[in-house]
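*Asks:* For reference, the chains in residue letters:
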Amino acid sequence: MSALPMRQQVARALVGRFDEDPSLALVLAEISADLFASALRRHPARAVNVGIMEQTMVGVAAGFALEGFVPVVHTIAPFLAERSLEQLKLDFGYQRLHGLFVTVGGSYDYAESGATHFAPGDVAAVASVPGMRVVVPGTGAEAVTLVNDVLDRPSLTYLRTSTAENAESRTIAPGGLQRVRDGGGATVVAVGPLLDRVLAVTADLDVSVLYATTVAPLDGPTLRAAAGADVVVVEPFHEGTLAAEVTGALTDRPVRLTSIGVGREVIHRYGTPADHDRAHGLDEAGLRERIGRVAAGSRRAA
Amino acid sequence: MEAARRHLQELHRLIGLQTGDEKHAASATSALDVLYVLYEHVLRFDPVEPAWELRDRFLLSKGHGPMAFYAVLARQGFFPEAELERFLAWDGILGGHPDRLRVPGVEVSTGSLGHGLPMALGVAYALRAKRLTDQRVFVLTGDAELNEGTNWEAILHAGSRRLDNLTLIVVDNGSGTLQLGSLEAKLRPFGWDAETVGGRDHAALARSLRRRGSSPTAVVADLRVAT
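Line order of the protein sequences matches chains A and B.
So the first sequence is numbered by my numbering: it starts at 1 and just counts up by one.
So the second sequence is numbered by my numbering: it starts at 1 and just counts up by one.
Read the hints as simulated data drawn from the structure, not as lab findings.
Nothing here was measured: the structure is a model prediction, and the numbers come from that model.
For every residue, glycine included, the Cβ atom is placed at its ideal position computed from N, Cα and C.
Some hints here could point you the wrong way.
Some, not all, of what chain B presents toward chain A, calculated at C-beta under 10 Å [what the hints assert, rightly or not]:
| # | residue |
| --- | --- |
| 1 | L54 |
| 2 | R57 |
| 3 | D99 |
| 4 | E107 |
| 5 | T110 |
| 6 | G111 |
| 7 | L117 |
| 8 | M119 |
| 9 | Y125 |
| 10 | R128 |
| 11 | K130 |
| 12 | R131 |
| 13 | G149 |
Kindly produce the complete structure, drawing on both the sequences and the hints.
*Replies:* Structure below.
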């Protein structure tokens, strides 16, 4: 594992693009100011650390967007997706402005900080904003591909980085679902960093696996072409977050959807993200049991 | 003076096209004199080309009671007077809170209080980044709107960073449940060049709005006595 963690790779890519492209703006609220120090120092007119004020951070970014800049905003997931949700909705969504919002600490990546720093509901929250794309890369290199896509073709995008990563990067097409394994029974949609675990526990099962890095809007045509009657979504945020996206794409057939994700109960523990994965059944043992059950049912039905 | 009186009369007629009243509620007219002075004597703009890059930016943060704003925009030629008669109608463009995607001359869609000043901060930074150093950003809030905490985030930031191209206009009619006392005295320690002027005193408003120094400026348009 010589590669930099995802968050650092994203920061390095953004700093590089920032030097080249005078139409980019960067707005931070203290978090990660060290990672973006060179941009803040070299381009103080369009790289601003507002201080600890996340709602104003989003408002300032909208001001840059109103003037034709593409603003990049970065902080910890709950303080953007939940504290500043109305700013995302009104300052960006309603006004049809573009921007790239990069978060860290989705779900329980800051396990040691406890539930004040958790955001398993971030994707459901931001996906409620009109026009918001949501991307969940599985590796640092994939994250950089998705960052460059937003900067090349501006949109309103929420990019959720993660401390968990897959061992290998895939050549992803932004916006698309990728077919990773073809099989006969159920179709498993694995989101971002959960792909490796899904592949490990389904190695001996007759299932198809689709890999999702863009989760909103979900790639309906690829899902329709691949899916049978049983669909399993394995998502690293609140369980059921993608249910409407999936069923909305499959209205042409009866479907049994099983959502596997983070449970709604607040776990009053610290530990590590792996500990929380285990508690929510998102470790290999939990996934093997739940996906296995669907696969067995799917075989019986066939 | 006579020209100003006639202009104000005309604006009242244009407000009446929206409200259907000859006498308007305070929310419709509290900002009227400030808006008149801004558009007649302070802002640089081109109604034929609302997105003219060299314009000054005006953000109505207090999206409530926008009839005076619409009247001023119509009077200045941003859209035909006939639009005023479709105020709040399904087939009109003028709503209870302004929509920048529908109304020429509206920089930002507002209504939910506490959004305008943070966005104005971003516009102020963006103008600097574009080297539009002569251009200014004006944002108008109500005194009660300043109960919203986001305003104080932005006030703290702008004062600390000396955003000298930003001007906050507070139309102060003492409407807040929590009385803020002297806004001028509250804004100064945050690094703002703040002063209070009569909210219907056109000469004082124009002079105060034109001020520009090394700090953000605030104009508290005092309506607590006169109305």
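*Asks:* Which of the numbered hints above does this structure break?
*Replies:* 1
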